[in-house]
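For this one, chain B is given, so just place chains A, H and L on it according to the hints.
Protein chains in written order, with this note's numbering: chain B, 8 to 154; chain A, 8 to 154; chain H, 8 to 154; chain L, 8 to 154.
Simulated from the structure, these hints should not be mistaken for laboratory data. Be a bit skeptical, because a hint or two may be false.
Under 7 Å between C-beta atoms, here's a sample of chain A residues computed to sit facing chain L [said to hold, decoys possible]:
1. N30
2. P34
3. G36
4. V41
Short, incomplete list of chain A residues facing chain H, as computed with Cβ under 10 Å [stated by the list, open to error]:
5. V71
6. Y79
7. R81
8. P82
9. E84
10. G87
Built from N, CA and C at the ideal position, the CB exists for glycine as well.
4 protein chains.
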Amino acid sequence: MNDIDLKNKLNFSTWITDVIRYNDLDPNGHVNNVAVCTFFEDGRVLFRDRHFRGQVKNVLTGFVLARYVIEYHRPLEFPGSIDVGTTITRIGRSSYTFGQGVFRGAECIATAEAVQVRIDPESGRSLPLSDEFKAMLEAAASPAARK
Amino acid sequence: MNDIDLKNKLNFSTWITDVIRYNDLDPNGHVNNVAVCTFFEDGRVLFRDRHFRGQVKNVLTGFVLARYVIEYHRPLEFPGSIDVGTTITRIGRSSYTFGQGVFRGAECIATAEAVQVRIDPESGRSLPLSDEFKAMLEAAASPAARK
Amino acid sequence: MNDIDLKNKLNFSTWITDVIRYNDLDPNGHVNNVAVCTFFEDGRVLFRDRHFRGQVKNVLTGFVLARYVIEYHRPLEFPGSIDVGTTITRIGRSSYTFGQGVFRGAECIATAEAVQVRIDPESGRSLPLSDEFKAMLEAAASPAARK
Amino acid sequence: MNDIDLKNKLNFSTWITDVIRYNDLDPNGHVNNVAVCTFFEDGRVLFRDRHFRGQVKNVLTGFVLARYVIEYHRPLEFPGSIDVGTTITRIGRSSYTFGQGVFRGAECIATAEAVQVRIDPESGRSLPLSDEFKAMLEAAASPAARK
Numbered sequence: 008m009n010d011i012d013l014k015n016k017l018n019f020s021t022w023i024t025d026v027i028r029y030n031d032l033d034p035n036g037h038v039n040n041v042a043v044c045t046f047f048e049d050g051r052v053l054f055r056d057r058h059f060r061g062q063v064k065n066v067l068t069g070f071v072l073a074r075y076v077i078e079y080h081r082p083l084e085f086p087g088s089i090d091v092g093t094t095i096t097r098i099g100r101s102s103y104t105f106g107q108g109v110f111r112g113a114e115c116i117a118t119a120e121a122v123q124v125r126i127d128p129e130s131g132r133s134l135p136l137s138d139e140f141k142a143m144l145e146a147a148a149s150p151a152a153r154k
Numbered sequence: 008m009n010d011i012d013l014k015n016k017l018n019f020s021t022w023i024t025d026v027i028r029y030n031d032l033d034p035n036g037h038v039n040n041v042a043v044c045t046f047f048e049d050g051r052v053l054f055r056d057r058h059f060r061g062q063v064k065n066v067l068t069g070f071v072l073a074r075y076v077i078e079y080h081r082p083l084e085f086p087g088s089i090d091v092g093t094t095i096t097r098i099g100r101s102s103y104t105f106g107q108g109v110f111r112g113a114e115c116i117a118t119a120e121a122v123q124v125r126i127d128p129e130s131g132r133s134l135p136l137s138d139e140f141k142a143m144l145e146a147a148a149s150p151a152a153r154k
Numbered sequence: 008m009n010d011i012d013l014k015n016k017l018n019f020s021t022w023i024t025d026v027i028r029y030n031d032l033d034p035n036g037h038v039n040n041v042a043v044c045t046f047f048e049d050g051r052v053l054f055r056d057r058h059f060r061g062q063v064k065n066v067l068t069g070f071v072l073a074r075y076v077i078e079y080h081r082p083l084e085f086p087g088s089i090d091v092g093t094t095i096t097r098i099g100r101s102s103y104t105f106g107q108g109v110f111r112g113a114e115c116i117a118t119a120e121a122v123q124v125r126i127d128p129e130s131g132r133s134l135p136l137s138d139e140f141k142a143m144l145e146a147a148a149s150p151a152a153r154k
Numbered sequence: 008m009n010d011i012d013l014k015n016k017l018n019f020s021t022w023i024t025d026v027i028r029y030n031d032l033d034p035n036g037h038v039n040n041v042a043v044c045t046f047f048e049d050g051r052v053l054f055r056d057r058h059f060r061g062q063v064k065n066v067l068t069g070f071v072l073a074r075y076v077i078e079y080h081r082p083l084e085f086p087g088s089i090d091v092g093t094t095i096t097r098i099g100r101s102s103y104t105f106g107q108g109v110f111r112g113a114e115c116i117a118t119a120e121a122v123q124v125r126i127d128p129e130s131g132r133s134l135p136l137s138d139e140f141k142a143m144l145e146a147a148a149s150p151a152a153r154k
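Chain B extracted, bound-state conformation:
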């Protein structure tokens, strides 16, 4: 699943909308790179909310954001709103990767990959994903999962 083009809106299964705030601006008058991270976070949180709900609780706890790669393609201005598309780009042994894009209309503003690792809260070591959880990730990433 790794070669998904994150600048192509057709590749995302799940969408949310955020409104740009005056507080997101930095002294040069553009939306700050940190604010773009809050958009991506909303995409991931609501993706989990929509697709992982049916999962038993102990499958879900203990995931941590381990690696986060963001590419900024275009500056973003206030006011306005953006759309965040989210999908799954990789399912590993003990981790999976979100692929995301922030769009203003047809324009891609930024893309990101966020690696979530399942951790044993006591030992701090990684734990394998269950087959059930992997199947759920697979289903959530497919275009058929779109809402």
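Coordinates of chains A, H and L only, in the frame set by chain B:
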């Protein structure tokens, strides 16, 4: 104009919508009081944008937020969106006051008054508002200004 | 206790320091009013942490920020650090009020009063403060409580 | 310069300190990943401030953050302070890369690489770095540049 009920949606001339972000939450799971301040700020910035545009530039520069009174009426949860209503509650000699309300549907979450003072950037002293600017504030506050 | 001058550093019992962040700036190059609210919040949180620790847990839960009055006296620039002084300015039947000041060196940048009301989480109605809690507030506000 | 170990404090030439805020926490009680990005940003901004000051202005304008890779190694709690170390890990034809680490005492919380590209503001195309600017980056990255 002082006795406007800021919990009544009919009293606002200008509205914007903001989307609640996961990043707005604090450890108790509610939207933090600071995030509510960013909603009010968006209401004021876009009120100025809509109504003060035609004004000559030197009438607008040099306003500072001097006093800000916020009342929190109800907790707010993620996810969802809120509406911010903004109007003018007072026009003084060298200052004016925004009246604002944050609403989720019919429910009033918080209300605020924000006093903006016109300041001479060099001396730091307050400057009187022009008659033209006062007339514009008056017009912007009336229900007829609604968009 | 109401007439405490919040611009006078000698009137605060408890101090914390915050570092100004680039992210606190808004497009005009000054620290945004919302960032100043995060400084005040840190002052209140750490005041509670230092002084209310010994209290039994059910005395502490259920306080909400009901009213928040901020006065901005001077613009603030990046980089640098500020000090937040916090004390108690009022002890009521079911609420108490924090008095606070943000200072850069000797200069007062902003002052605030924050009313915390004790709420019954089920009924949403206010609950009286216990005598024990009032005595603790009294002690925390006195200069002898300084750390 | 690419193989610098960003978890080793000895590899950074320039340091700043940030104070963790209550507002940085998310509902699970840890410092949010977005707040960690504001720490890294402060490190980059103040690195530029200290080392690039003598540069003529047109060499400095037009840099954009193009790619940002963050690795989160440990959770971070409130209250407390962190140190951000910053250095240069790569000098390219039209871009350079900041290497950074956030530390709490000896513990490495997160590391990051941030690629800054020099852009022609009119055409949007990348522009080569001058030899003078490259020499300055080289000097700023060396341990001798430490302050």
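Tested hints:
Interface restraint check for N30 of chain A: the shortest CB-CB distance to chain L comes to about 6 Å, inside 7 Å, so the restraint holds. With a least beta-carbon distance of about 5 Å to chain L, the hint placing P34 of chain A at the interface is held under the 7 Å criterion. For the restraint placing G36 of chain A at the interface with chain L, the shortest Cβ-Cβ distance is roughly 5 Å, inside the 7 Å limit, so the hint holds. Below 7 Å, beta-carbon pairs count as interface contacts, and V41 of chain A has one with chain L at about 6 Å; its hint therefore holds.
Below 10 Å, beta-carbon pairs count as interface contacts, and V71 of chain A has one with chain H at about 7 Å; its hint therefore holds. With its C-beta approaching chain H no nearer than about 6 Å, Y79 of chain A sits inside the 10 Å limit, and its interface hint holds. Against a cut-off of 10 Å between C-beta atoms, the interface hint on R81 of chain A holds, since the closest Cβ of chain H lies about 9 Å away. A least Cβ separation of about 8 Å between P82 of chain A and chain H falls short of the 10 Å threshold, and the interface hint therefore holds.
Against a cut-off of 10 Å between C-beta atoms, the interface hint on E84 of chain A is violated, since the closest Cβ of chain H lies about 14 Å away. Interface hint status for G87 of chain A: violated, as the beta-carbon distance to the closest one in chain H is roughly 19 Å, over 10 Å.
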